[in-house]
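**Q** Each chain is listed here by its residues.
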Amino acid sequence: MNYPVWNVAFGAGLLIAVVAILHVFVSHFAVGGGLFLVLTERKARRNQDSALLDWLKSHTKFFVLVTVVFGVVSGVGIWFTIGLISPMATSNLIHAYVWGWAIEWIFFFVEITAALLYLYGWEKLAPALHEWYGWIYFIAAFASMVIINGILSFMLTSGTWVQNHQFWSGFFNPTYFPSLLFRFAIALALAGVYALITASVQKDAALKARIVRWSALWIVPSLAVLPGLGWWYIHQIPAETWASVHGPMPTGTFFATFAVVLLAVMLVLTLLTLVRPARMHLTFSLLVALVALGAMGSFEFVREAIRKPFVIGNYLYANSLYVTQIPGDGGFSIDEVNAAGVLKSAKWINHRELTPSNQIAIGAEIFRVECQSCHTVNSYRGLKYYIALRQWDQNKIQAMIGDLQFMHNGVMPPFAGTDPERAALAAFLSSIEPVSPDRPPVTDGRIVFQQNCAMCHVGVTRALLINGLPHDPNAEREALKDLPGLFPLMPNLKLTDQERRALVQWVNSQRSAEKTGTAKQGGN
Amino acid sequence: MMQPNLIPVFDPTPLPAPYWVFKLLLIVTFFLHILAMNFMLGGAVLALASKWRSRKREDGNRVFFEIAKKLPIFLPATITLGIAPLLFVQVLYGQFFYTSSILMAWPWFLVLVLLTVAYYGFYYVSFHSRKHPGRAGWVMLFSVILVCVIGFVYSNNLTLSQVPSRWGAKYFANPSGWHLNLSEPTLIPRFLHFFTAAVAVGGLLLVFVALANWKRDHEYGRQLLQFGGKAFMYATMAQLLVGVWFLVSLPREMIMLFTGASPFATALLLVAVFSASGAIFMMSDALRKENIRVAAYYVPGLIALVILTMCVMRDILRDAYLKPYYHPERFVVQTQWSVLPLFLVLFIGGVVLWFVMLKRYGLFRSAKAAEIPASVGPQPAK
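Taken in sequence, the protein lines are chains B and D.
Each residue of the first sequence is one higher than the one before, counting from 17 in the working numbering.
Each residue of the second sequence is one higher than the one before, counting from 21 in the working numbering.
Derived from the structure by calculation, the hints contain no laboratory data.
Fair warning: this is a prediction, and the values are worked out from it, not measured in the lab.
Note that the Cβ used here is the ideal one computed from N, Cα and C, for glycine as well.
A few of these clues could be false.
Sample of chain B residues with no beta-carbon within 10 angstroms of chain D, all distances over it, derived [as the list claims (entries may be wrong)]:
id: 1; residue: 23
id: 2; residue: 90
id: 3; residue: 140
id: 4; residue: 193
id: 5; residue: 214
id: 6; residue: 221
id: 7; residue: 250
id: 8; residue: 320
id: 9; residue: 351
id: 10; residue: 363
id: 11; residue: 366
id: 12; residue: 511
Derived SDA-like pairs: lysine to any residue, alpha-carbon spacing no greater than 25 angstroms straight-line [stated by the list, open to error]:
id: 13; chain 1: D; residue 1: 90; chain 2: B; residue 2: 143
id: 14; chain 1: B; residue 1: 219; chain 2: B; residue 2: 78
id: 15; chain 1: B; residue 1: 140; chain 2: D; residue 2: 378
id: 16; chain 1: B; residue 1: 363; chain 2: D; residue 2: 29
id: 17; chain 1: D; residue 1: 235; chain 2: B; residue 2: 139
When you get a sec, could you build the whole thing from the sequences and use the hints?
**A** Next comes the structure, spelled out in structure tokens:
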């Protein structure tokens, strides 16, 4: 609301995901690969393995072309992209952590210089001095990870920073150390993965076998420690943060599972390279890299997914509204926008007066300033799809918007704004996927549950729905007429008689199934 | 009107050091960034000019090869030194900078793509210029064009960030981030001002290369000095005209600022103009007398001063544009004493380490060896 929202048709979130995943895939290599270079050089010199040394020279060139060019530009790319998509968060982060970034920049400067001198120094420098540049490179690269990890993990688990706003409180937050070690293990594995690529094109079969075995020695132990580090990492994340991973829309669960599967595949593929290391093909090494990229991307998706609804944990929501009122917040906290209304609070909207004729246009603007940081109309996380899936008409949408913060274990921020604004948003959303009032009635209670209840009633609250309703079907149907009467936080949904009857039937079937232990989750 | 209301509010997180600290860092790091950019762009332009001017002649190609080898150093230097001012401009001017970036989000985002392509282009040229000199020339030209496009996008963004009155109409016409700032009267002269400066400084780069070769290959050194020196002179003369164009394209009150209304701004402009003019005469004299010392030390020293004053003037100009909307005196400052000393220590340590790295690599040795002019005579044998 404070900044204009860039309208990316296919989804701003997707754009940032692509830039970030490609960047981390290279930047982690830049850290692990640095240690790989210098240790491999030492190994080659100790064993007087000139063939390995020659390969390492060409590998250095590859390393620089990947990390110093793509790694650096995509790193700047993240800056550009987050500034475009989440300027409020970027601005807050910059003001809280500019000295962290300034320190990282020093390391970065040393790192880039050392990388170039290491590359150009192969033909020029004495071995000991050349290795010295390699060590400086690695230490500087690792140090820059030490810094950026503090800021990244702060966004996920802001720790006591929200109370005291102290630099180090946020920096050494609960997930700082597990995240650092987890990332470092990934970095070491990636060093081996990238080495497989340049090894695969070697003609000297014996040399290729040596490099492949050496690379596997980087990949396999790193993968072996990842589950332990991952477990530690997960256990440092507060339960409520992790909660949104579960439930009927488990982006986090999906990607977490996917990451684990891909890491296992990566392990198997790496072990397979050891069967005939001298004959490993370029395609195979690229396959390993692709699987690693998938695993890395999935890990980042998990992190992004569990961080929601926040962009900075417990401080700023993903749609750039502050969680609580703060002096100097410009009126952009949930409570202030609730009180003043979006049309009075937001800067970047065109309409200021709500009339019956501009309701949809205003709804579209509210959608842009409140929802579009994560959703699109009909593309990435497209609302058209969700509305069609649940068959919500305008009234239902309007009721449901009031309870966004309870849906999917709290993955979304609450709607901020006045009731007429909520109605305008509902009018707009219903205009993108009009649900016909003459649609055939839903007679399957399970579907009624999925379309109307499952988004909030997960786990404990699902059990509450099943067991908390009166056990007499008539009383049950009666109770469902007035949901806020049942519990004040419930949306005021007007279910039809038929829907209520079907739902009650399904609830009862679940009760008896629970007794016999055959209940299935009703969620999709 | 409602336009001033469009300016985003500064976020509630306090500034972690006084305003002037960031201002100083912004100007100093921008100065370093622009130096590296000038070497990169100007060097590449002159390498191309030299290649095409002398078509098949060996010496033209030699300059081309020599510069081509250096571009993969100057481009990362430009980027790395550019990250710091990018950081500090966000600290102080985020409200304006993010907004204008969002209005032109796609061109701004495409900078990354263009930069990657240009960068790989420079690497291609540096690795393959001898094997495929013809193709390398075209690749370098392509990369140079991309770099110029990037510069043009930057000029668009930074001028747009200074005119909030233009934002609303653009955004509400289309929020998909495809706006440039083409109606800005200063856009073209501003861009040309940067480009011409790059060519002039590129000329000085050739003079430095001449200095490095002065003893080893005197004839080549002389040719380089003549070519680089002349390029510097002509570009700087052109710059005086472009500069006047830039100045008169500014809004009236800004012209006044640099022509008397602000004694400081006026003094800076006078220093810059006189120093640049003086540098032209010095270079002309140095070329006639083949005095490499003047050409490679005094002229660049004077030009560094000019660039520094230009960076300060650029900042004065930005603050003049933003005066009605920008209130740094209202910033809440809470200096982060728990981390600032660490930054300073690491900064000094980093700079020292950086010099040690270059020294151990032998980069200063070759410069020292070349420092003694040929006329001094051979060194006594050890």
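**Q** Hint numbers the structure violates, sorted upward?
**A** When the structure is compared with the hints, numbers 1, 2, 3, 10 and 11 turn out to be violated.
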